[in-house]
Amino acid sequence: MNRRTSILRNTLTLLVAVVVLWQLLYWMVGDVALRSPAQTLEFTLRFVTTEQFAGHLAETARAFGMALVLAVVIGLGIGFTLGGHRFLGEVFEPMLIALYSIPKITLYPILLLAFGLGISSKVAFGTIHGVIPIALFTINAVRNVRAVHLKTGKVMALSPLDMVTRIIFPSALPEIFAGLRIGFSLTLIGTLLGEMFASQRGLGFLLMSAIGLHNVDLIMTLTLLLTLFAGTASVILLAINQRLRSRMSA
Amino acid sequence: MKGARVWRVAILVACVALLEVLCLTGVIDKLTMQPPHRMAVDLVNMLVSGSLNGAIAKTLGNAAVAFVAAVVLGVFGAIIIHRLRRVRDTLEPLFATYYAIPVFAFYPMLIIVFGLNAAPQIFIGAMLGVVAVIVNTLNGLDRVPNVLLKTARIQQMGARETAWRITLPYAAPYILTGAKLAVAYSLIGIIGAEFIMSNGGMGYEISFAYNNFDNKTMYPLILLILIVSVSINMLFARWEKSILARRGLR
Chain S
1 MNRRTSILRN TLTLLVAVVV LWQLLYWMVG DVALRSPAQT LEFTLRFVTT
51 EQFAGHLAET ARAFGMALVL AVVIGLGIGF TLGGHRFLGE VFEPMLIALY
101 SIPKITLYPI LLLAFGLGIS SKVAFGTIHG VIPIALFTIN AVRNVRAVHL
151 KTGKVMALSP LDMVTRIIFP SALPEIFAGL RIGFSLTLIG TLLGEMFASQ
201 RGLGFLLMSA IGLHNVDLIM TLTLLLTLFA GTASVILLAI NQRLRSRMSA
Chain V
1001 MKGARVWRVA ILVACVALLE VLCLTGVIDK LTMQPPHRMA VDLVNMLVSG
1051 SLNGAIAKTL GNAAVAFVAA VVLGVFGAII IHRLRRVRDT LEPLFATYYA
1101 IPVFAFYPML IIVFGLNAAP QIFIGAMLGV VAVIVNTLNG LDRVPNVLLK
1151 TARIQQMGAR ETAWRITLPY AAPYILTGAK LAVAYSLIGI IGAEFIMSNG
1201 GMGYEISFAY NNFDNKTMYP LILLILIVSV SINMLFARWE KSILARRGLR
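From first to last, the protein sequence lines stand for chains S and V. The C-terminal position of the first sequence is numbered 250 in the working numbering, with every residue numbered one higher than the one before it. The C-terminal position of the second sequence is numbered 1250 in the working numbering, with every residue numbered one higher than the one before it.
Keep in mind the hints are simulated off the structure, nothing from the lab. If you're wondering where the values come from, they're calculated on a predicted model, not measured in any experiment. Warning: the hint list may mix true and false statements.
What the simulated footprint calls covered on chain S by chain V, stretch by stretch (three residues with Cβ under 8 Å from a Cβ of chain V suffice, anywhere in the stretch; the number is not a length) [said to hold, decoys possible]: (1) 7-16; (2) 86-92; (3) 224-231.
Backbone N, C-alpha and C define an ideal beta-carbon position, used for all residues, glycine too.
For reference, chain S alone in the conformation it holds in the complex (with noise of 0.2 Å):
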């Protein structure tokens, strides 16, 4: 209960800090290239009843939804399969390091060279950003499952289906979690970069296209409600963590 409580007065402070931070900065760039907290807020709430938006948004929303889903599933399949499996797990959890450090934003024309100008390739975009952080983790976490645990199931005569389900994944759950949290955030920004450089729809087209018109008033709106959006989820996520994580410790 404190735990959370200390979340949510966090943020809090957060949120004002940032307000006070940006009017102070609103004051010294001025008009130009910046618009006041109080204006943004305005137009966010002109804009966000335009079906403009609505159409915009529900193009976003399918690509990054369709690109977590594979993110996730892929990346527990690698993790669990590497993590469980001792050589294989040498082999290519060192890959797997050096695909994460490559900076994925240069692959994005061989991308739209294979995938055309879809969202087949926004969605691929978000999900080779979010699939790898989710691998290592459950890499991490499966092997880190308890030994004796490990050896109950084997005396039990756990079926590999039982052992997963029953002993591996509760037990690697908060680890895995970390990894998912991670993993939603890459492959939301994953997504949008995809939108940015190679789409004619979505959120991340509108604001490429805003930054072309030099539109402010859209780009702050647009980066502010992202912010907010992404804010949201990984508060709740790690909220959820944390509280994973202490239940496990109890």
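Using the hints, position chain V against chain S.
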């Protein structure tokens, strides 16, 4: 361990060979991707002729500046934040959300503030990298054993000396983890910004080549970026490993 490395190299070679065969037999057509050996030849030709050396030097130079800024600011920031419990708690939700925020949305504002030169790109690159460094340095500082801090107190070291002689060396492997991420992020920041709006650099050349179906320029440039980022990362990883090995941890 050795077997794993042999397998890794074999798999990598097999993947490249497969790509080569697919390209040569025309399963992947020429407009989508060139066979890998062509990319390598083109890369060597490009570097020897020196036609794009200016762009390459510009991007890598900017990325290096952004990287150094991110590491220095990140380490100092982490030392300060580490001492202020309340500030750290407040920033926690920000760190959790940070990488889901499309930082590139601030690029137009930065161009207006700094002008269309290297400064806004470096700013974006450093901004992306700094949080990874802060988070990992904090993680390292958390793990400094109490007995070392007590020793520092017995030796009557000041705050600066303690940080310089005890806490930072102890946290070095964790700082290196952050630095590895900062390499990728500074490249992402610089190249992404060059994609959006710039007057030169590798990102600019890649998107120019992409728009003109000039695969002869595009693929070698992408390959070069991947080679640079992977080799810097391996260097850091080796350094990290040797520190840990000296401590008998791995």
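Do the hints match the structure? See the list:
no., hint, verdict
1, 7-16, "holds (count 5)"
2, 86-92, "holds (count 4)"
3, 224-231, "holds (count 4)"
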